[in-house]
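Let the sequences and hints guide you as you build the complete structure.
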Amino acid sequence: GENVEQHPSTLSVQEGDSAVIKCTYSDSASNYFPWYKQELGKGPQLIIDIRSNVGEKKDQRIAVTLNKTAKHFSLHITETQPEDSAVYFCAATPGTGNQFYFGTGTSLTVIP
Amino acid sequence: DVKVTQSSRYLVKRTGEKVFLECVQDMDHENMFWYRQDPGLGLRLIYFSYDVKMKEKGDIPEGYSVSREKKERFSLILESASTNQTSMYLCATDGGLNYGYTFGSGTRLTVV
Numbered sequence: 001g002e003n004v005e006q007h008p009s010t011l012s013v014q015e016g017d018s019a020v021i022k023c024t025y026s027d028s029a030s031n032y033f034p035w036y037k038q039e040l041g042k043g044p045q046l047i048i049d050i051r052s053n054v055g056e057k058k059d060q061r062i063a064v065t066l067n068k069t070a071k072h073f074s075l076h077i078t079e080t081q082p083e084d085s086a087v088y089f090c091a092a093t094p095g096t097g098n099q100f101y102f103g104t105g106t107s108l109t110v111i112p
Numbered sequence: 113d114v115k116v117t118q119s120s121r122y123l124v125k126r127t128g129e130k131v132f133l134e135c136v137q138d139m140d141h142e143n144m145f146w147y148r149q150d151p152g153l154g155l156r157l158i159y160f161s162y163d164v165k166m167k168e169k170g171d172i173p174e175g176y177s178v179s180r181e182k183k184e185r186f187s188l189i190l191e192s193a194s195t196n197q198t199s200m201y202l203c204a205t206d207g208g209l210n211y212g213y214t215f216g217s218g219t220r221l222t223v224v
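Protein sequence lines, in the order shown, are assigned to chains A and B. Residues 1 to 112 (the numbering used here) make up the first sequence, in order. Residues 113 to 224 (the numbering used here) make up the second sequence, in order.
Misleading hints may appear alongside valid ones.
Said to hold, decoys possible - Straight-line alpha carbon distances no greater than 35 Å define the calculated DSBU-like cross-link-like pairs of lysine-lysine that follow:
| # | chain 1 | residue 1 | chain 2 | residue 2 |
| --- | --- | --- | --- | --- |
| 1 | A | Lys-57 | B | Lys-115 |
| 2 | A | Lys-37 | B | Lys-183 |
| 3 | B | Lys-130 | B | Lys-169 |
Calculated from the structure, these hints are not laboratory results.
Okay, structure coming up:
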């Protein structure tokens, strides 16, 4: 099955700086890559996603890039704010059966 | 918005007890999933279901079973709870690749 690796496991940045979280996947059949944000005491929430026919997608301060050849994708958060502090998960799915495979998470702390 | 409701936020159960975790979604989604979340391990799939009375094993089904008698309800059952089943349990539903997963808020189960 698919194997998704995520780095770093923890990340601290100063408010206003950028944060980058990277994931790699193993199954070349994977074609959908969502990112989730989990705040304390809550379930993960979808914040952005990208499909394999697109190389980059942006939504305000959040962007995701995908390199299918290298099988890696990254989450970029610019102008970070304290409310961006959370655990972020990447995921990949080959689309068959809709089972998602998750990375192990990145705990992001934005220091005011 | 899709709403996924998990009946309990916190549960404390004794070793050997039979435990039921309930999940209800308010959309007409066929796909429902149960994950457990542990520090450093990310989200691991226990069971999933594509339709009423259908179930499929995920990556870590041992010690668990599921029930889906109605489309909107997906129950996770710990037949005989053990301390290594202490974890955060997350239910999710999937409306297709246009939506990704929607998660419930989670149930933090402690087995003593």
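Status of the hints after comparison with the structure:
| no. | hint | in the structure |
| --- | --- | --- |
| 1 | Lys-57/A <-> Lys-115/B | holds, 26 Å |
| 2 | Lys-37/A <-> Lys-183/B | holds, 27 Å |
| 3 | Lys-130/B <-> Lys-169/B | holds, 19 Å |
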